[in-house]
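A.B. asks: Sequence:
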Amino acid sequence: MAELPVLETPRDPALCSGRFTISTLLGGDEPPPPAAYDSSHPSHLTHGSTFYMRTFGYNTVDVVPAYEHYANSTLPGEPRKVRPTLADLHSFLKQEGSHLHALAFDSRPSHEMTDGLVEDEAGTNGEKNPEEPVRFGWVKGVMIRCMLNIWGVILYLRLPWITAQAGIVLTWIIILLSVTVTSITGLSISAISTNGKVKSGGTYFLISRSLGPELGGSIGLIFAFANAVGVAMHTVGFAETVQDLLQEYGSPIVDPTNDIRIIGVVTVTVLLAISLAGMEWESKAEPDRLTSRLPSSQAQVLFFLVIMVSFANYLVGTLIPPSEDKASKGFFSYRADIFAQNLVPDWRGVDGSFFGMFSIFFPSATGILAGANISGDLKDPAVAIPKGTLMAIFWTTISYLAISATIGSCVVRDASGILNDTVTPGSGACEGLACGYGWNFTECAQQHSCRYGLINHYQTMSMVSGFAPLITAGIFGATLSSALACLVSAAKVFQCLCIDQLYPLIGFFGKGYGKNNEPLRSYLLAYAIAVAFIIIAELNTIAPIISNFFLCSYALINFSCFHASITNSPGWRPSFRYYSKWAALFGAIISVVIMFLLTWWAALIAIGVVLFLLLYVIYKKPEVNWGSSVQAGSYNLALSYLVGLNEVEDHIKNYRPQCLVLTGPPNFRPALVDFVGTFTRNLSLMICGHVLIGPRKQRMPELRLIASGHTKWLNKRKIKAFYSDVIAEDLRSGVQILMQAAGLGRMKPNILVVGFKKNWQSAHPATVEDYIGILHSCCARSRKCLPELFSALTCDAFDFNYSVCVMRMREGLNISKVMQAHINPVFDPVEDGKEARASGARPSVSGTVDPEALVQEEQASTIFQSEQGKKTIDIYWLFDDGGLTLLIPYLLGRKKRWNKCRTRVFVGGQINRLDQERKAIISLLSKFRLGFHEVHILPDINQKPRAEHTKRFEDMIAPFRLNDGFKDEATVTEMRRDCPWKISDEEINKNRIKSLRQVRLNEILLDYSRDAALVIMTAGKPVEPVCSHPEIKMEHTISRAPRTMKSTLPIGRKGKCPSSLYMAWLETLSQDLRPPVVLIRGNQENVLTFYCQ
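Heads up: the sequence shown runs through residues 1 to 1093, numbered per the working numbering.
To be clear, the hints were calculated from the coordinates, so they are not data collected in a lab. A couple of the hints might just be wrong.
As the list claims (entries may be wrong) - What follows is a list of derived Cβ distance ranges for each label pair:
#1 Asp-380 / Gln-501: 26 to 36 Å
#2 Ser-449 / Val-423: 39 to 49 Å
#3 Gly-869 / Lys-967: 30 to 40 Å
#4 Glu-647 / Arg-573: 31 to 41 Å
#5 Lys-896 / Lys-716: 19 to 29 Å
#6 Ile-535 / Ser-861: 24 to 34 Å
Claimed, not checked - Listed below are the simulated BS3-like cross-link pairs for lysine-lysine, each with C-alpha atoms no more than 27 Å apart in a straight line:
#7 Lys-896 / Lys-919
#8 Lys-748 / Lys-716
#9 Lys-718 / Lys-620
#10 Lys-697 / Lys-712
#11 Lys-951 / Lys-919
#12 Lys-871 / Lys-895
#13 Lys-621 / Lys-895
In this text, all values refer to a predicted model and were calculated from it rather than measured experimentally. We put the beta carbon where it would ideally sit given N, CA and C, even for glycine.
Required output: the full structure, derived from the provided sequences and hints.
C.D. replies: Shown next, in the form of structure tokens:
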């Protein structure tokens, strides 16, 4: 642990004595009492002393673990406390005292590694924040809230009817099946919600931050829509009850259906007004939460008590002997024969089926997410959510089972409600159980005109109860509280979805108003959806719609829990441990299966909507990073496949051009990036390499700064590539590091792509030497031909088994000057003046690139981004390098911008064998199935170039000549040692034929390919050496083999061919060509085959 320098020595010795410091131990003075200078005391943690920087009694930048270092926000008005960075710890001795003094109170934001499930929160201190909301326990915060949302309109108005249709046995199965789904989902939601603190957004937030924006966004829309439809369902249930009361008292408004519509629209309008008014009984104090306007805890307790009283009232009513009026409506108290008859189903109507009843009942089992939606308001979410949710499911299940069994034991299915329908002598045949109790409902039962009875009257619970108004109060409390909760949930979830900006055209509804940022527009949207479904005015039609959407939500919740568990991500650490990933998977599967069993077409629509929204988000790729399980799963798959590749040897048919592109900063050379990115897109690996030259400590800050910016630039340009940078003392060593370290396993580059050094004549000779060192001998003889020479020479790319590709454009590749940016030191170093050039030192480089500016800058357009039309791609396949010269233009031609181009192949040959050579090449190309049919033979390569072109070459190399013809040997040796890049007279004479050949090849290129879209040429291996090695003889003739010409791309021997002469050859070969020129040399291994195995 590094200690800080003493910034200021206090006058009072006691003030500078931490616990167990060296001075107190050696001086013999007793240290002050710990309480006197307790670091936890607020008065001592000030900027006026350095005690707050002391760790275990030492002055140090290092800090002890603290809550503030992991939280995403602090108290209002307080600077954020963060732990020192590694750079702060590593280099603190170079910093000023003032900087160190403020280090522990650094307020710099850090968003790189924030957890998507962590909520912005106030920092913790010894005093309670007066504005902090009251936290709820598991009873009031979760259990009661969930029970209120689970109990609803279905319980009072449809459970007795479902019991009559399905019978008690099948009703219990329906209840238990629903509970199975909700219980498994409850376990999953408990695990997800305890894996970090949850912000506003509820279920949408949980799924999106667990599974990612792809599935999270789609389920957010579906869940918001389901809640909006839920408003309609509960409101219609309330309207049905009011309409029955109006009917009972003979005061209908219009007719039963329109009465429900009118009452429903008025009711939902009042609920909207309550939501927007922010009445005290309905709102909570804390802003910016999903539940900021849910009913207060006192109101919830009141609703809960009303519902409990209504239950007790119902149970008491089942025990009271039936009155004559109740008996006429089918109630006879507990009877064994009624129970036995109601055990079996009696299907009636269009919904009369098991899954028809299930689809109507299932919405009554939903509402289990109410506790998880407010996990931020709970004292201990890890305990409250699972305990409260599961207890709510348990008690509501007991209530459903009890009501189904009791009402099925007391009420017959059909009753007329007419007091005169008693059994009298001579009344004729009497059918049904009611006959044994003195009532004859045979006529209405046969005609299916009975108005009462368990299967005909939705208000049976009110009729059975001891005091009907209490049941009505329970219905009002359950329906209105659930409708209000659904309205607020729909608006808040949709607002959170709009804020995340995953979909277009919905941002309008995300705007918030007031200090609580209330989503007024989202409220209006939810209101409009609710009104549209209220117009249906049929509860049995609305309920199945909600069932499908909630089942879809539950399926995704369970799948997100399973997926997060199966990926084994270290970030998956839920506090709730009593869940099973396999149970979660079972819950997801059974939810989907039930969706199709309920209504297959509705299930297809729901899944189709999810897939459509999923594909849209995948296509748009929103710029969000929530640390989802999809990311963890992608990593696992990539790692698994990458390791699996190592188990299989490479095969020619699976060869892919994996490129290490020496771009420097990618935005400096967009044409080079676009060229390689075009043929590697969705096919193979591309790595943009950047070598920063200079001392490591000096360039390390720049390295950290620019990496993310260049990656974002590549993503914005839609280039599927990686960015890799290294720091090295010189270019060549940096490139060697890249070639050795880039890639992983089989995903390693096999082609080195560089740009032509256009400014070689004015650049510092040291940088030209580095450039040549990378390319040197890349096209030289194989090791079998020159073993001794190769043992003494360094061939960087071929030593690492790389192929080589050099690209030149007439206007150049580097656009840094156009961008008014600092020139990249790797390929275009700035001249530091004559002193640096004379001393042989490399130029110094300074300046960095702003990563934000990289992303915001206007993207430069290149030729590789435009349509090429019907131009030609000219391939000069002059040497057999394994087929790479053919493969790259073939891959390029498959792209849309290049597929209209005609490909021409040029090969060398003898003038007296033109037809034979052409037929042989066409036959070979047809076996490769490349689609190249236009072949040209070049018989005139060995002709003498024109005099003016020869003169131009001589003028080009004149500034780099030693002119040592009449100097003594000692002087010449000294001149070569001082200027190794210069050309001696002996080297000029020895390489004269090679030099003339480059001039001639340039003339051929100008004749044939002046108007081509792209020129690709094989880099040839020289048959004649450029040095006087004793085992090598000079050759001055062209081989008889059709493609073994002297040389296409001249490759000089290191130490024997000066860099200036070599660059002059490259310059001459591609001079004055309008299209881009690409020089390719494979590594002598086949990349094409015509065999099937």
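A.B. asks: A separate judgement is required for each hint: does it hold in the structure or not?
C.D. replies: Results of checking the hints against the structure:
1. One distance hint, 26 to 36 Å for the beta-carbon pair Asp-380 and Gln-501, holds here, with the actual separation near 34 Å.
2. Separated by about 19 Å at the C-beta atoms, Ser-449 and Val-423 break the suggested range of 39 to 49 Å.
3. Distance hint check for Gly-869 and Lys-967: the Cβ-Cβ separation is about 57 Å, which falls outside the suggested range of 30 to 40 Å.
4. Here the CB-CB span from Glu-647 to Arg-573 is close to 33 Å, well matched to the stated 31 to 41 Å.
5. Take Lys-896 and Lys-716: their Cβ atoms lie about 20 Å apart, and the range 19 to 29 Å holds.
6. Between Ile-535 and Ser-861 the beta carbon distance is about 54 Å. The supplied range of 24 to 34 Å is therefore violated.
7. Between Lys-896 and Lys-919, the direct Cα distance comes to roughly 30 Å. Violation of the 27 Å bound is thereby established for this hinted pair.
8. Proximity of Lys-748 to Lys-716 is assessed by CA-CA distance (about 24 Å); at most 27 Å being required, the pair is judged to hold.
9. As the CA atoms of Lys-718 and Lys-620 are separated by approximately 12 Å, the hinted pair is consistent with the 27 Å bound.
10. For the hint pairing Lys-697 with Lys-712, the CA-to-CA distance comes to about 25 Å; that is within 27 Å, so the pair holds.
11. Restraint check: the Cα-Cα separation between Lys-951 and Lys-919 comes to about 38 Å, which exceeds 27 Å; the hinted pair is violated.
12. At most 27 Å may separate the alpha-carbon atoms for a hinted pair to count; Lys-871 and Lys-895 meet this at roughly 14 Å.
13. Taking the CA atoms of Lys-621 and Lys-895, the gap is about 23 Å. The hint holds against a cut of 27 Å.
Hints 2, 3, 6, 7 and 11, counting from the list given before, are not met by this structure.
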